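Take these sequences, add in the hints, and give me the full structure.
4 protein chains.
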Amino acid sequence: MTSSTISTSKLRMGMIGGGPGAFIGAVHRTAACLDGEIQLVCGAFSSDPEKSREMGKQLGLSEDRVYGSYKEMIEQEQKSKGMDFVAIVTPNHVHYEPAVLALRAGFDVVLDKPLCFSLNEAHELSQIINETGRTLCLTHTYTGYPMVKQARQMIARNDLGLIRKVYVEYPQGWLSHEDVNSKQAKWRLDPKQSGPSGCLGDIGVHAFNLAEYITGLQVTHVCADLRSVVESRQLDDDASVLLRFNNGASGVLMASQICTGEENNLKIRVYGENGSIEWQHGDCNTLAVRWFDSPTEIYRTGTQYLSQSAIHNTRVPAGHPEGYIEAFANIYRNFKRTICAKTNNEKNPSEQWEDFPSIKEGVRGMAFIETCLANSKNNTEKWTELNE
Amino acid sequence: MTSSTISTSKLRMGMIGGGPGAFIGAVHRTAACLDGEIQLVCGAFSSDPEKSREMGKQLGLSEDRVYGSYKEMIEQEQKSKGMDFVAIVTPNHVHYEPAVLALRAGFDVVLDKPLCFSLNEAHELSQIINETGRTLCLTHTYTGYPMVKQARQMIARNDLGLIRKVYVEYPQGWLSHEDVNSKQAKWRLDPKQSGPSGCLGDIGVHAFNLAEYITGLQVTHVCADLRSVVESRQLDDDASVLLRFNNGASGVLMASQICTGEENNLKIRVYGENGSIEWQHGDCNTLAVRWFDSPTEIYRTGTQYLSQSAIHNTRVPAGHPEGYIEAFANIYRNFKRTICAKTNNEKNPSEQWEDFPSIKEGVRGMAFIETCLANSKNNTEKWTELNE
Amino acid sequence: MTSSTISTSKLRMGMIGGGPGAFIGAVHRTAACLDGEIQLVCGAFSSDPEKSREMGKQLGLSEDRVYGSYKEMIEQEQKSKGMDFVAIVTPNHVHYEPAVLALRAGFDVVLDKPLCFSLNEAHELSQIINETGRTLCLTHTYTGYPMVKQARQMIARNDLGLIRKVYVEYPQGWLSHEDVNSKQAKWRLDPKQSGPSGCLGDIGVHAFNLAEYITGLQVTHVCADLRSVVESRQLDDDASVLLRFNNGASGVLMASQICTGEENNLKIRVYGENGSIEWQHGDCNTLAVRWFDSPTEIYRTGTQYLSQSAIHNTRVPAGHPEGYIEAFANIYRNFKRTICAKTNNEKNPSEQWEDFPSIKEGVRGMAFIETCLANSKNNTEKWTELNE
Amino acid sequence: MTSSTISTSKLRMGMIGGGPGAFIGAVHRTAACLDGEIQLVCGAFSSDPEKSREMGKQLGLSEDRVYGSYKEMIEQEQKSKGMDFVAIVTPNHVHYEPAVLALRAGFDVVLDKPLCFSLNEAHELSQIINETGRTLCLTHTYTGYPMVKQARQMIARNDLGLIRKVYVEYPQGWLSHEDVNSKQAKWRLDPKQSGPSGCLGDIGVHAFNLAEYITGLQVTHVCADLRSVVESRQLDDDASVLLRFNNGASGVLMASQICTGEENNLKIRVYGENGSIEWQHGDCNTLAVRWFDSPTEIYRTGTQYLSQSAIHNTRVPAGHPEGYIEAFANIYRNFKRTICAKTNNEKNPSEQWEDFPSIKEGVRGMAFIETCLANSKNNTEKWTELNE
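Protein chains in written order, with UniProt numbering: chain A, 1 to 388; chain B, 1 to 388; chain C, 1 to 388; chain D, 1 to 388.
Just so you know, the hints here were simulated from the structure itself, not pulled from any lab data.
You can take every hint at face value.
No copy is singled out in the list; a pair is fine if it fits within one copy or between any two copies.
No farther apart than 30 Å at their CA atoms in a straight line, the calculated lysine-lysine pairs in the DSBU-like style are these:
#1 LYS57 x LYS81
#2 LYS377 x LYS192
#3 LYS57 x LYS347
#4 LYS360 x LYS347
Since this is a predicted model, take the numbers as computed values, not measurements.
Rendered as structure tokens:
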């Protein structure tokens, strides 16, 4: 076995963050490369140049493409034209600045959620995107699942009738004890790295995004109960939010990181006049569809009867489980194909490819977080309007 | 096959309501008699004497024990000493008056929920019970399930540690369409028969009761969103309520009758510092117990490792499903054995027998309904204290 | 509370067996009386007259209707005309003789499975039934479940197309240890009381019956592997049987009492050309129906879209679980209504009532057991024909 | 976006088969490359040179590394030393010859199951492997799942006690109709391409392998019922096999492709004296462990309490579903790390890496298929010994 050289025409990705011990960085790398349409070519994997180099070596990158800071990487790669887009997978406090730099340097950006620290920053990012004409993809992974797309499409074509009620919940248990020492936990519990919200920014915003994505509706008002349950914790680790939607529907959003024994079971139920859907992450290849007076139907990934959108985002036949990495890869693949079409001034051969979370979803997420934080502290205002 | 005569020493039940076409009346009769410790001896099954007679005949009662009104029944049976207690299974507007009459006439009472129309009436009933020394059993059926009792006992002995979060939900879909013609639906949607609340009084109060029963905690504050979703409906058919408990825990209660496709899937999750439990009506013989860092445990009805309370309320071995009627029968059996012990001035041979919902739970339920109704209309008070 | 007297026109049942500590006797009593159409009037509950009396007292029977032997009971009740039918719930070795006596004395009979000790005895019982014109009901409980009836009806009307494959399994774990001391275990492990087969006679015959009932087919050939797994055990405690059906379908039947950790999860899957069904006892109110190229459908007890046969055997609305006792009660209720119609020379108002297991199913069960026993010992004959 | 050049030190894979429209070829490519430790460098993707080129282009390979025949590829790559191993993903009739050529040319081989056409060929392959010292990896994918490895390890350390009973089943429905036109179906139904067995060779052998892998036992005798259910079919499409294991345990193996409505739900249950396990492909991240008298335990992928073997084969935390591609990638990763260690004369840093199916499993699989085919035709021999 020796080193080798291959020639490809893949989209070239640089990565910011994702150093040794990071969870989501590795997921981004695997997901981005899953379909063989993207390759990692450079990275600033850590603010510690030594660690960055170590990771670069481990990943088989040539040394001159591994950087000690994201500024350096963006500058160099802009000059060399060696990179097509940047994936930013750092803790939240290092989202905004590298995103701005990358966009202004002419790079498209993939960014982990939440978009940034505040609605203000979100608006600024939005403006820069408008100015630069660049594309931003926000990795709200859960919208990448085929059965989530199936649900969205069924609701869009009015299978369920008028939507009246949305229950979305995201219980986790991993932060239910005080002495959490993992790297993952530490930055999430630190307001300087995580931002003004803990649980809501980390997972609540996924639930919010999922609800708006599946229903095609927008939340207009919230009534929120955010709490710091574990002693000494500075940020919310538990959230319950009543919702109102723009079509008059109501909803409940629950997100919590102190639900001892729960893994990562994001679940959504949407009730319409004629039928309802239920999807949960723990059984991600299944969509239950219930009707007023006929048997419940179980839709399954990989079958022939699904919508185009679901089929497009599936790789293997029915009965071969797909999971988190594949859903993540769907986000990347759609992003990649979209910007390739854009770059080549081609019409996108399939509108399905344009289906990935963007700056719009990022702005709405930040608005949701800020509105919930404000409402939760206010005991004389039950409902607060959600304005972007 | 001929008529026959048998001699028994069972507790003798009279029934008010439960005429032709009634659902819950038949359930009460079957459940009460399941264990052969209670027998139905008389009834005023309908306010229409003809229908009452028809039902009496169908049930094999002798004609002179079938009455055209509950007043007549209570008077006559008081004289003849032919009845031991009364089961009131009428729509809500015929709860208070017959209960008062029966208690004052010296009869113990089994009453379907909700207790009555208002907290005021509830307090009056409570006072009459104090004065008369009679026993009232309120059929909050779901607390009769063995695995609910298992959960309660595990929490009581602190298996889960401090309780921090309670999610309880009760989605139904049968009232999601406007044109509901069934007898069951009609009275529930009519404020004159149902009382000031629809969904919350019909099923939300079950969910509330279950949460307090399992946790041993009390709700102190509510923030409620009650809605009439189906057009032309006068009462709430959908409710979402944020909760605060007396130990500092928070919670969410959802109850809805417009969740198209849902059957009757009351579900509760309770999260403690060390572990959590999940029980749902659709899989009533199972209790899931989750831990911070060991495998989830599945407790099952009829096994050897359960608590006394669960074992006491089970009839068949593991793997032989028990259901709604058996849970209902547990309420009746415990009530029966308690009042027999009381009547005979015996010490109750098992404290398990005293475990059935009583006037206390009835008062709390009415307080919950009234507090939610008040809070839901008030947009400048987020949290309202729940006072009995 | 005092003794009381009520007059009814219920069918009057005498019981043989079901003394203190018996499991199935209590189930028979509860199930028989559940719908208020049958009442227990007399019994020979034990071969020990003292124990029989004790049980009679406990059940509130008058002393003169409690007997020290079934012979005495049958004689006396024949004279007094005080009993309409007999339920025989003894261990297997006390099935044949009391059944013969009762039938010859003019009583209809309910008998627990397996019918008797041998195919010979089964034929004799069959002949006596023909001669006497009496009705025998064999309590193959599992055919009493509404969703089993739904499956049968769907297959009967050819929803699934030609049936090709049947998998039926019945794993239990309660006899997986050697030192089983319960009364239930002891007689089952003793050839003198249990008959020539252990597991196959106790539960395998249920699985066999379920397969023939649901499919409407008959097994024509078996290839059996019966084993005594636990040391020192004289009878089979584990059985695997390959099947051939009269329409050319094949099948597999598994029954075992050494499947540690299993409860009582009888499960059947039937595969037809166009679709398939799956039902399992652990989730008895659900029937999964799968199709070649459309979503799996989940049928549920208590819904509006079921077949008449399922609706007829259900008591409560969807979402209110029914279980083992209710299924057992369905057998009794159908038996009762059938013999009442017969007694009164009425046409059965509903053919659904005639749907209960009879002597026919008993004969087939005995044939199945004997054929499997013979085949299992024979290593030079792979397939043995099943002849009644 | 332009072409780019990267330098890596990955293991270099050549592929035989996997042209346009192939299912398993794409899975092999994605799985092999998932962890960034293997790269595809060349291929003979089809016996039609045009199609091979088309696929090579699509995959971004340089033209001179895409071949019109596997012979050519093996010769050329042997000369150029540009390839480290070969993955053979063709229909069964093109397994043996390319494998022999590749091994003799000094290449390690990854081969899709079943190994080849006959036990004879299997023995020859085995001998060549012995002679050449090369490594062969057979992609019995299902042994790559973390929870399968967990089960194996629990049984190996005697958690369940003596194993007594194994039920393994593999129902599929996709071949239940006659007119199957897909490329996937066609070759599988053609004896010239598929070999002497259809269903048993395609999926039954997976079930067999899984049973031996999880239990650590070996099947010694089979009693098989193979059938061609769909009219005009030449090969078996349905199989039921009774098993005997070398420790005295018995078992049942079912595999069928005519189970209408079933997806790909391989499932195994293993019963020991003290406990039992259940794993199924449809819920691949879960392992149910049952005990004689304590609650069932649910083990889950990604948790802290698992065995080293399970942890080693997992990529993401609990609650982030992994699936088929990840399991497949585990096979490849373990194979890759093993042969790298071998190549570098290093001790394998983790014995976990040596855990992938090899020629041994291939020989046993072929022996199983042949023995079942022989037994199934023989009506005077119930049990046939399985000899390698």
